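Protein sequences appear in the order of chains A and B.
In terms of this note's numbering, the first sequence opens at residue -2 and continues consecutively.
In terms of this note's numbering, the second sequence opens at residue 85 and continues consecutively.
Worth flagging that the hints you see were computed from the coordinates, not collected in a lab.
Because the structure is a prediction, the values reported are computed rather than measured.
Mixed in with the good hints, there may be bad ones.
[Unchecked claim] With a Cα cut of at most 27 angstroms, we get these calculated DSS-like pairs of lysine-lysine: (1) A:K25 x B:K91; (2) B:K215 x B:K116; (3) A:K91 x A:K69; (4) B:K218 x B:K149; (5) A:K91 x B:K116; (6) B:K205 x B:K116; (7) A:K57 x A:K91; (8) A:K63 x A:K91; (9) B:K116 x A:K69.
[What the hints assert, rightly or not] Here are the in silico distance ranges between beta carbons for each label pair: (10) B:H204 x A:H3: 22 to 32 angstroms; (11) A:G21 x B:G141: 23 to 33 angstroms; (12) B:G151 x A:K25: 29 to 39 angstroms; (13) B:D175 x A:G21: 23 to 33 angstroms; (14) B:H204 x A:I8: 40 to 50 angstroms; (15) B:N173 x A:I12: 33 to 43 angstroms; (16) A:Q6 x B:Y202: 43 to 53 angstroms; (17) A:K25 x B:H204: 29 to 39 angstroms; (18) A:M24 x B:N206: 33 to 43 angstroms; (19) B:T203 x A:I8: 30 to 40 angstroms; (20) B:Y216 x A:S33: 22 to 32 angstroms; (21) A:S39 x B:L180: 20 to 30 angstroms.
The beta-carbon is built from N, C-alpha and C at its ideal position, and this holds for glycine as well.
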Amino acid sequence: MLRIEHNEQGILLLIGRFDASQEGTAMKAFNLVDHSTEVDCSQLEYISSAGIGVLIATQKRLMQKKEQLILKNLNPHIIEIFRYAGLDTIFSIK
Amino acid sequence: MNERLFKRSLNSLEAVFDFIEEILSRDGIAGKTALELQLAVEEVFANSVEHNSGSTGSIAIALEKRGEAVLIRILDYDVEDFDVSRPPNVDTRAPLEERRAGGLGLHLIHTLMDQVRYTHKNRISTITLVKYIK
Chain A
-2 MLRIEHNEQG ILLLIGRFDA SQEGTAMKAF NLVDHSTEVD CSQLEYISSA GIGVLIATQK
58 RLMQKKEQLI LKNLNPHIIE IFRYAGLDTI FSIK
Chain B
85 MNERLFKRSL NSLEAVFDFI EEILSRDGIA GKTALELQLA VEEVFANSVE HNSGSTGSIA
145 IALEKRGEAV LIRILDYDVE DFDVSRPPNV DTRAPLEERR AGGLGLHLIH TLMDQVRYTH
205 KNRISTITLV KYIK
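Whenever a hint applies, use it, and build me the whole structure from the sequences.
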């Protein structure tokens, strides 16, 4: 199960597991992002290609407006998956 | 092998993950290896759900630790031939505008697993994933 929350600083929090069953709900939430936004992944335990697809689609849309997602606090497992998927070259990762 | 049947739906994924975790924990396998096995199985399972929507059969998943490896077998019934043992041509260095979601799941399976085997006979596909325990 994945929870997506906004904190007071406007940072998007991804909490839990971002698997294919969460793709539709997550896409709706990310479609509401219309400017550069930090995404805190410190509580993101797992992500598959479905979740990665949502992030790529959002980044593509934002980049057309010179905006972007900034991913931060990824755990080592998620960083490795992102590297295998080549996300480290298309996202700003803090 | 420990085997269980799962309804052909993405809503089954949570039960699939629980099953894998339960069996792996008996052999003390957790953490990174368990997450990578769950990810590979999800990619196969989601692919089956997406591309074989005409089938009404359940999907069977079996796994066991054999020596220094974990073997996972995924059986899908009444499905078309789609050979997942061939690594896809995915350019993970391509610029953002050229990125596509298609093929990424298969790319991750081949990156994370040590062997990916596939057979298709009598409209039954059998996918075997092997991961060596480091």
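Quick rundown of the hints versus the structure:
Among the hinted pairs, A:K25 with B:K91 is consistent with the structure: their alpha-carbon atoms are about 26 angstroms apart, no more than 27 angstroms. With a C-alpha separation of about 12 angstroms, the suggested pair B:K215 and B:K116 falls inside the 27 angstroms cut-off, and the hint holds. Between the alpha carbons of A:K91 and A:K69 the distance comes to roughly 5 angstroms, so the proposed pair stays at or under 27 angstroms and holds. Between the alpha carbons of B:K218 and B:K149 the distance comes to roughly 13 angstroms, so the proposed pair stays at or under 27 angstroms and holds.
For the hint pairing A:K91 with B:K116, the CA-to-CA distance comes to about 21 angstroms; that is within 27 angstroms, so the pair holds. Distance hint between B:K205 and B:K116 is unfulfilled; the C-alpha atoms sit about 34 angstroms from each other, more than 27 angstroms. Restraint check: the Cα-Cα separation between A:K57 and A:K91 comes to about 19 angstroms, which is no more than 27 angstroms; the hinted pair holds. Of the supplied pair hints, the one linking A:K63 and A:K91 holds, its CA atoms being roughly 19 angstroms apart against a limit of 27 angstroms.
In summary, the hint linking B:K116 to A:K69 is supported, as the alpha carbons are separated by about 20 angstroms, within the 27 angstroms threshold. Between B:H204 and A:H3 the beta carbons are some 46 angstroms apart, a value that contradicts the proposed interval 22 to 32 angstroms. At about 24 angstroms, the CB distance of A:G21 to B:G141 agrees with the hint of 23 to 33 angstroms. Taken as a hint, the range 29 to 39 angstroms is violated for the pair B:G151 and A:K25, whose Cβ atoms sit roughly 45 angstroms apart.
At about 27 angstroms, the CB distance of B:D175 to A:G21 agrees with the hint of 23 to 33 angstroms. B:H204 and A:I8 have their C-beta atoms about 47 angstroms apart, which keeps the hinted 40 to 50 angstroms range intact. Against the hinted window of 33 to 43 angstroms, the Cβ-Cβ separation of B:N173 and A:I12 comes to about 35 angstroms, which satisfies the hint. Restraint check, A:Q6 to B:Y202: a C-beta distance of roughly 47 angstroms satisfies the suggested window 43 to 53 angstroms.
Checked against the hint of 29 to 39 angstroms, the pair A:K25 and B:H204 passes, with Cβ atoms roughly 36 angstroms apart. At about 37 angstroms, the CB distance of A:M24 to B:N206 agrees with the hint of 33 to 43 angstroms. The hinted range of 30 to 40 angstroms is not satisfied by B:T203 and A:I8, whose Cβ atoms lie roughly 48 angstroms apart. A beta carbon spacing of about 42 angstroms between B:Y216 and A:S33 contradicts the range 22 to 32 angstroms that was offered as a hint.
Remark: the range hint 20 to 30 angstroms for A:S39 to B:L180 is upheld by a beta-carbon distance near 24 angstroms.
Of the numbered hints listed earlier, those contradicted by the structure are 6, 10, 12, 19, 20.
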